[in-house]
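Using the sequences provided together with the hints, build the complete structure.
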Amino acid sequence: MLSKKQARAFFLGGTVVTFLIFIGLTIYSFSKAQDQSNDGNITEAVVRGKQIWEENNCMGCHTILGEGAYYAPELTKVIERRGEGYIKAVLMTPVDWAPNGRKMVAYGFSQEEAEDVIAFFNWIGDIDLNGFDTVVSPLAKDEN
Amino acid sequence: MKYKSQKVAYWFFALSMLLFGLQIIYGFIMGFAHAGFDGLHSAIPFNTARAVHTNLLVVWLLSGFMGAAYYIIPEEAQRELVSVKLAYVQLISLAVVGVIAIVGYHFNYWEGRKFLEIPRPLDYLVVVNVLLFLGIILTTLFKGKRRTTTALVLSMGLLFAALLYLPGMLPFDSQVKDSFFRWWVVHLWVEGVWELIMGGILSFLLIKLTGVDREVIEKWLYVIVGLTFLSGVLGTGHHYYYIGVNKIWLIVGGIFSALEPLAFLAMALFAVNMYRKGEKKHPNKLALYWTLGAAIVSFIGAGLLGFAHTLPQTNLYTHGTLVTAMHGHLAFWGAYAMIVLAIISYSLPNMTGRKLYESTRGRMAFWMSNIGMIGMTVAFGVAGVVQVYLERKLKMEFMEVQKEIEVHFMVLIICATLFLLGITLYMIDFYKHGRPTDEALEASSN
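Protein chains in written order, with the numbering used here: chain A, 1 to 144; chain B, 1 to 446.
Careful: at least some of the hints might be erroneous.
[Said to hold, decoys possible] Reference excerpt, derived from the structure (chain B facing chain A, CB under 10 Å, subset only):
1) Lys177
2) Val225
3) Trp249
4) Lys281
By construction, these hints were calculated from the structure, which means they are not laboratory data.
Each residue gets a CB set at the ideal place from its N, CA and C atoms; glycine is no exception.
Right, here's the structure in full:
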């Protein structure tokens with residue numbers, strides 16, 4: 001049977017090898033040619049939108065890219081599904097939004113803030129998600 | 001208890017218990033909101049409850065791990081901790097950072113990145129705190145009479161856990177990259193280095209409780225943590241299927257996550273075998289229950305239920321649904337909560353000198369909390385599968401589906417109540433042991 005020394009070699013060897021492969025694959029998948037995230041289209045508005053998204057912990061209820069909590073709808077492709085006007089109304093409303101009895105915090109964003117968040121959603125909407133978006137957003141026009 | 005400084009562990013465990021209790025309360029708030037009773041919405045909206053619930057989990061487990069290290073390292077290194085005073089400073093600063101973060105979440109003071117909600121300025125305090133902790137542990141180990149594999153694996157786990165906190169602090173403009181590197185922290189913690197910590201604690205407990213030769217146990221410890229890293233590092237890929245990165249992760253993540261249950265299976269088989277082999281009958285049966293329980297439940301919760309939705313074909317539908325909550329609950333309970341409760345059950349009688357380890361209360365605590373948690377997992381599982389089917393197959397609206405599954409959350413709340421009763425009994429046991437005392441030093445041999 002395996003000796004303790006061999007067991008240690010297995011542990012250290014396995015760790016180093018898999019970690020190096022992991023780093024290699026990370027570099028590969030972020031190389032320009034492999035980019036699926038529509039990285040070039042990140043504008044200042046998108047960055048501000050992401051900031052608003054984080055400052056208010058939207059992920060504490062919603063999911064985006066399938067990440068977050070499971071209390072409120074997935075927001076990938078939400079603009080295509082609902083349209084900008086609807087989203088803007090939700091973001092700017094001064095009273096709790098509860099279209100189906102489940103309440104959302106009334107953030108009462110300003111016009112600019114709402115537009116930044118919409119820019120963020122629009123950018124998310126153009127990401128190639130390997131088919132996930134067609135599952136969560138059947139109404140999405142773009143069936144990529 | 002052989003060394004006076006081990007007593008410090010008691011206060012880390014006490015903090016653990018307190019935060020664990022709070023975590024459960026916030027869990028109830030979320031359960032009720034899901035069931036349609038969100039009366040607290042204006043005071044504690046769901047996203048606040050969620051941030052508090054998950055962050056408290058992390059902090060109470062970390063506090064438990066730190067306590068475990070302060071208890072185990074002196075005994076393994078055969079010397080006192082280098083500084084008890086600094087250990088208390090570290091404890092208090094941990095509690096202070098935790099409290100500021102938790103209170104802050106109620107006032108929109110956070111960073112909305114799932115599991116890493118602690119705002120940036122506090123991140124730096126966390127880093128300082130962990131450096132202090134590692135300093136105490138590693139210096140003690142370095143100056144100690146011996147360096148055992150158990151101690152090395154445990155310290156290595158704690159060291160890597162600290163290092164892997166850093167990728168979570170990198171700033172990104174792209175949500176995709178943000179998510180990608182957030183998993184370096186979250187996944188590589190819970191499916192990587194935390195398993196080293198768990199393995200270290202498990203092997204310490206098995207050595208003490210079964211009396212099997214250290215050489216045998218430590219050899220298997222290497223094999224198990226080897227399997228963990230071999231599968232878990234590239235298994236990170238199962239978070240990368242559908243977040244906007246290359247398709248290569250579908251293959252890499254799929255294959256290596258399929259291997260992940262092996263590490264947990266090995267852990268369960270190892271613990272049960274060592275127990276069977278053991279000739280020594282340690283009187284602390286409760287600690288043995290929790291130890292074997294942790295190994296077995298982690299295999300079911302983390303290994304099997306994890307595997308149930310990490311194949312890309314399945315995950316396409318389950319990604320971002322309650323199926324994740326189903327797996328998450330039993331995995332964290334089995335792997336990490338139970339191992340912390342195991343080390344507390346083992347060390348508490350040694351630190352306080354009160355040997356309350358053959359009590360009906362202790363056994364009830366074990367069974368009620370486990371049955372409660374399994375019930376909760378089933379409730380989440382059924383709700384999750386229904387959600388996937390209605391929402392993602394039949395294309396029903398999100399909220400229509402949520403109305404359909406409200407009833408499962410009533411079941412969840414009932415099971416959670418049983419779980420809460422179990423944990424309450426455990427806490428009563430903790431309290432009844434009283435404070436640690438130096439007189440326990442000579443009284444206990446193990």
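Results for each hint:
1. Look at B/Lys177: its Cβ gets to within about 7 Å of chain A, closer than 10 Å, so that hint holds up.
2. Given the 10 Å rule on beta carbons, the hint for B/Val225 holds: about 6 Å separates it from the nearest Cβ of chain A.
3. A cut of 10 Å between beta carbons decides the hint on B/Trp249: the least distance to chain A is about 7 Å, and the hint holds.
4. The interface hint given for B/Lys281 is broken, as the beta carbon of that residue sits about 27 Å from the closest beta carbon of chain A, more than 10 Å.
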